[in-house]
Amino acid sequence: MATTINVSVNGKKYQDEVEGRLLLVHYLRDKLRLTGTHVGCDTSSCGACTILVDGKAVKSCTMLAAQADGATIKTIEGMAEKGKLHPLQEGFKEKHGLQCGFCTPGMIMTAANLLEDNPHPSDEEIRHALEGNFCRCTGYHNIVEAIKYAADKSKGGDIEHADAKELEKPLFEVPS
Amino acid sequence: MTYIGKSVKRVEDQRFLTGKGNYTDDIVLPGMTYAYIVRSPYAHAKINGVDTSEAAALEGVVAIFTGEDVKEIGGVPCGWQVNFKNGDTMKEPPHPLMVRDKARHVGDAVAMIIAESKEIARDAADLVDVDYEELPAVVNAAEAVKDGAPLVHDDVPKNMCYDWELGNPKEEVDAAIESAHHVTTLEFVNQRVAPNPIEPRAAIGHFEAARDHYTLYTTSQNPHLTRLLLSAFTLGLPEHKVRVVAPDVGGGFGSKIFHYTEEALVIWASQQIERPVKWTSDRSEAFMTDAQGRDHVTKAEMGFDEEGNIVGLRINTFANLGAYLSTFSTCVPTWLHGTLLQGVYTTPKIHIDLTAVFTNTVAVDAYRGAGRPEATYLLERLIDTGALEMGMDPADLRFKNFIPPFDGVEQEGYMTQVALQYDSGNYEGVLKRALEMVGYENFRKEQEEGRKNGKLMGIGFSTYIEACGIAPSAVVGSLGARAGLYESAQVRVQPTGKVSVYTGSHSHGQGHETTFAQVVADKLGIPLEDVEIVHGDSEAVAFGMGTYGSRSLAVGGSAIVKSIDKVLEKGAKIAAHKLEAAVDDLEFAEGKWTVKGTDKSIGFADISLTAYVPHDYPENLEPGMDFSSFYDPANFTYPFGAHVAMVEVDKDTGKVTLKRFVAVDDVGNVINPMIVEGQIHGGLAQGIGQALFEETIYDENGQLINGSYMDYTMPRADDLPSFEVDRQVTPCPHNPLGVKGAGEAGTIGSTPAVVNAVMDALKPFGIKNLAMPLTPERVWRYMQE
Amino acid sequence: MVATSFDYQKATSVEQAISLLQSHDGDAKLLAGGHSLIPTMKLRLNSPALLIDVSKIEELRGIREEDGHIVIGAMTTHYEIASSDLLAKKAPMFVEAAKVIGDIQVRNKGTIGGSLAHADPAADWPAVVIASGAKIKIHGPDGARTVDADDFFTGFYTTAVGENDVLTSIHVPVPPKGSKSTYAKFPQPASRYALVGCAVQLTMDGNKVSDCSIGFTGVSDAAFRDSNAEAALKGKELSGESIQAAADACADGVDIMSDHFASEDYRKHLAGVFLKRALENLK
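Residue numbers (UniProt numbering), protein chains in the order written: chain A, 1 to 176; chain B, 1 to 785; chain C, 1 to 283.
Possibly wrong hints are sitting among the right ones.
What the hints assert, rightly or not - SDA-like mimics (lysine to any residue), calculated; alpha carbons at most 25 Å apart, straight line:
no.: 1; chain 1: B; residue 1: Lys46; chain 2: B; residue 2: Gln14
no.: 2; chain 1: C; residue 1: Lys276; chain 2: B; residue 2: Phe765
no.: 3; chain 1: B; residue 1: Lys651; chain 2: C; residue 2: Asp259
no.: 4; chain 1: B; residue 1: Lys655; chain 2: B; residue 2: Phe188
As the list claims (entries may be wrong) - Among chain C residues calculated to face chain B with C-beta under 7 Å, some are:
no.: 5; residue: Ala231
no.: 6; residue: Tyr266
no.: 7; residue: Val273
no.: 8; residue: Leu282
The hints are simulated quantities; they were obtained by calculation from the structure and are not laboratory data.
Cβ atoms here follow ideal geometry from the backbone N, Cα and C, with glycine treated the same way.
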C-alpha cells in the first residue's frame, strides 16, 4: 500500500506516492535525483546521508520517506543561494575540509545544525558534534578548521588564512 | 612560479560542495536493472545445490545466475607472480566470479539476482535456497600451515601460496644476531584491518549489442588496469570495444585498486540480458568482500652492539592472503615489505623469511601503505623496545643508527641490504625538527611529575621510510609484476591556447585536478583556469596505471612534464619561425617566447593558434599541438619522516587518549602544501586507527564478528587531536619535479609512534609488548598483570 | 539495504494506535523516531506487516511539571530533553544523559519512549529512568497503567509493554531539596552506546546520604537498579571510603555481558569505576 507524501525540498514542493519501506535517502536520490546525499553504511553510523528536516540534522537512511510527509527538507543541493556558497561550503573549500567529497554533504549538514544551536563552538564542541559523521580522508583536522571558518565568517570576524604562514616555509626547490 | 608551491584551493571542490559530484551509484542508465548477490554465510562450506526457482518466479526478477552459469569463465587474475624459495611458481588457485563447488569465505558469491528494482532483487534473494554443508575453517595464518589444518583449496598443500626470503645470506644474519651484545625479540600480530572508504564499491555494466560495445562504470583507482584485466584475462573481451569509467570515487585507500569479481559479473550479465546492470555494495557486504589489509604474524629480532649500534635484523613472518589472491596481494608482504626492512638505519645484516598462506577469510591486499607499514611497525617497535631494554633514550638510539644525510646527486644513493637504492635522505633532520616541536625535554619533565601523581603519560617515536612510485617496469617485471608501472599523459593544447591534460592517474580525493593543473599552468605560463585535467575514462585517456602507492605526482606528474617539454619544443620552432629568429636565440618565460636581449616576443596562445592555422608556418613541421608521453621512472622515490605521539592512559579504564601528534615529513618538493598536509592528516588518522581502534575480528568459524560500523571502531572526530605537522624538503634527484609522494606517509609512520607512546606510558608496569589495537580492555588487563 | 515490504500508517491518537495493533495481531509495530527499529528492519531482523507512526500524536510530546512530577511525553526527542530548562533545573541527570546519546542526528529524531520500549541493554535512558525513580505510563486495550521503572525492564530487549500497548509518558518525581543526580558513561567505541552507563540520584541530609538510587545500563542483559551499591551509601557520608565501598559492592549477583569490547570481569570493573566517577561528580 503506497502512501502519499507532500514535502518541500530545497524550496520546491513535491507530492509523491511512496512505498512504506522507501527510505527518505532513496526518495531523494532515486526519485528526486538529488544525489548529493550519500549512503555510506547500513547501521545509521556514518552520517553521509545527513540532511536537514525542519531545520534539524537527520540521517535520511534511518527515516522513511513516509515519515517526511509535511516536512521541509534541505539537502546539500539547497545550501548555496543564488550561486553563492554557504559559509560552510566556503569554509570547507578554504580550509581543505574535503578530499574525496563523499562524506562532505553530510558533514556540512551536521555542521549547519551545530552552528544553528551554537554559533561559536570550541574545537572540542565541534569534534563532539561530528560524532555521527565519519570521514576517512581528512583525519578531521581540516573539517574542524572549516567549521571554525564558517563560524568566524558568520560573526564577521577575522579569518586567518593559512597561506601567509606557509609562504615562510621551504616549499619547493628546483631539483639539481 | 605563480602556482607551484602555493596552497591553491581545489578546483574539484565546487562540485563536491554543492552535491554535484558524480559517483558510480549516482549514475542511472535507461533500462537499468539492479543486481543483488547471494553470498555464503559460511566461511567454508560445500555447496550441494542452489535452487533459484522460487526466486525466479517473483514478479520483476529479470534473471538469476549461479556459479554453474559462469563456470567457463576462468575468474579474476592475480597481477604479481612470486616464486617459492626453491624456484617453483606460487600456487595460484582460480578465483571464480561465483562459486559452485564450495564457498571459501563468508561473502563468497553464490548467485546473482537481477531485477527491475533493488527492492525486488533483495526480496528474491530471500527465496534462493542454497544447500550448504559446512566444513571446518581456518582463519589464522600461522595455524593454516600446520598439519591437519583444513585446506582452503584442495590442491594447495599446507595452504601455502609461497615461501620467500630476502636479504643477506641467512647464516651471516644468524651469526650477527648470535654474537650481538643485546638482542631485542618481539613476537606480534600486525592485525588485519578494513580499509573502509566511505563510498561503498559499485559497478554498472552496460553492453550495447548494436555496436558490440561494453561500458563499465566502477569505483576504481585504476580503470585502465581493470579494462586490461577484463579484456586480457577475466572475460577475454576485445579491449578496443571496452570502455571503463571510474567517475568520482569516494576514497579508496588501496581497496579500489583491485579488479573485483563484481566488475566482471555486471558486464557479463549485461551481455546476457542486453540491459545495463547495476550493483552497489552495502556496508555489511563491503566488510565481507572488499580486500582487507595487513594481517602478519611475526617474530622479529634485532641485535645491538655495546654502543647500541644495530648489528643484525632477523624476521620471520606469516602473511595471511585470505581465501583468494587479490590483484596485488602477493607483492605486498614481499616486495613492498621485505625491501623496507633497512628502514633509515645502517643495519649491516638483514634477513626475512616469509610464508604466505590461504585462509577462509576475505582476500588481503594493499591497504594504504601496503607492506611498508608492516615493515615500519616491526622496525620502530624493535628499536624503541631495544632502547627500553638497554636503558637508552629512544631518540638517541635512533640518531646513533641513522644513515647519514645524502642528496643522491653529490652523494650517491644509499644501497640497502634488501635490494633497494634510496634516492636521497636526511633522516636525522626530520627527527631533530620533530623533537623541537615536541619540546622533548619539557615533556620528559612533565612525564616525571605526572608519574608522581599517578598520571600515565607517554611519548613514542617513529622514524620511517617508504618506497613510492614503484618502478621501473623492467625491474618490477623481473620481480614478478605482470604489468608495467609507468604512467601516461597527453597534453592537448587547443587552438585558443587552452590546455586539456589527459592523465592515467586517478583522483579519488588526492586533488589531481588542482595539483596537476598547477604544474601545467606554471610550466606553460598560462592561467590555472586555462587548464583542464581529465582522468578516469579509458575512452578519453590513452592509457594509465592508476593511483596507488603514492605514485601520481612522481610518476603521472612526470609524464605530464614530459609532454609539456614536447609542447614547448614544438612551440619554440613555431615561435622562431614567426619571430624570424633561431630556436636557440629564444627564451620561454611567463607564457611567451622572447628573442633574447630584445623585446620581440610572441605569446603561447598565438603559437597554439598558428599550430592549428598553419598558414605562416615552418616547413616540414606537422600542424597541431598535442603530445603524449609515457614516463617510466628510473627508481622508486623514498619519502621519510619522523612522527611523535604523546598519550595519556587512564589507569582505571585503560583508555588511551592521544594528546598530541607531531609529524615532520619529507616528501621531496611540494606542489600544493595544503593538499600535502591534508594527505598527511588523513594518513595519520588511519595509522592511529590501527594502533588504537581498528581490527577485523574473525571467530574460529571464520565469521567476522565486527563487520559493521556498530562494531568495527574507526576514528571519529573526537578521538583525535588537531595534528602538528611540518615538513623538510629533500628533493627526489631522479624525477623532473623532485617530488616523492605523500599519500601513505601518515599511515606508515603513525602506528608505531602511538604504540611506542603507550608502551612508554606503561613503563612503570614493566610491560614490553602489547597487541594492537590498544583497546581499553587490553591496556587495563596488562596493567593488572 | 532494503526492508521487507510493509504498510505505513500515521496514527492520530493513542486509541487508534492501540486498535491498529490489535487488528494486526502481533504483526504491527509502533514507529517513534525509528532509530532503533528502522536499522533492524533494514537488516531484516524485524519484518512487521504494518508500521504505525505514533510520533505525530500531540499528546505524546512535550515536557511539563504536574503534581510533583515532571511528565515527559514518550515521543519527546533526546534533543528536546537535552534542551529542556525544566529538566536542567529539576532533574539535570536527564539533560546530561540526553546530551551523550548517539549523535546530533540521532538526538534530533530518537525519542525517549522509543528507546525505553526497545530496551536495548546498552541504551542510556534505562539507567536514568531507574535512578530517577520514574514511573512509566502504558496505555493498553484495557486502559492505562503505570509501572515502576525498576520493574519495567524484564529482560533482553523485553519490557512491561505488551503487544497491544503504547508507552505514553514517563513520570519523574521531582527530587526533594538536597538532591543531586548525574550520569556517567563509558561509550562502546564503535557504536557509542553505553559499554557501561551509571545514573545516580542522591538525597543528602546534611553531609549524610539519606537516600540514593543507582541505575546501571550496558552491564547486564537489561538495565537494573543496584540496591547493594545503594546500601553501601545510605546513611553514610559521601567520602572516599563510602564511594569505594559502593563501587566494590556494585553489579553483584547479576549476569554480566561479555563481548569483544569488554569481557565480563572488565565490564564489572568498569561498573565500579563509573559508579565512582558519578559519585565523585556529586561530591
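key: Structure versus earlier hints, numbers of those that do not hold, lowest first   = Hints 1, 5, 8 not satisfied by this model.
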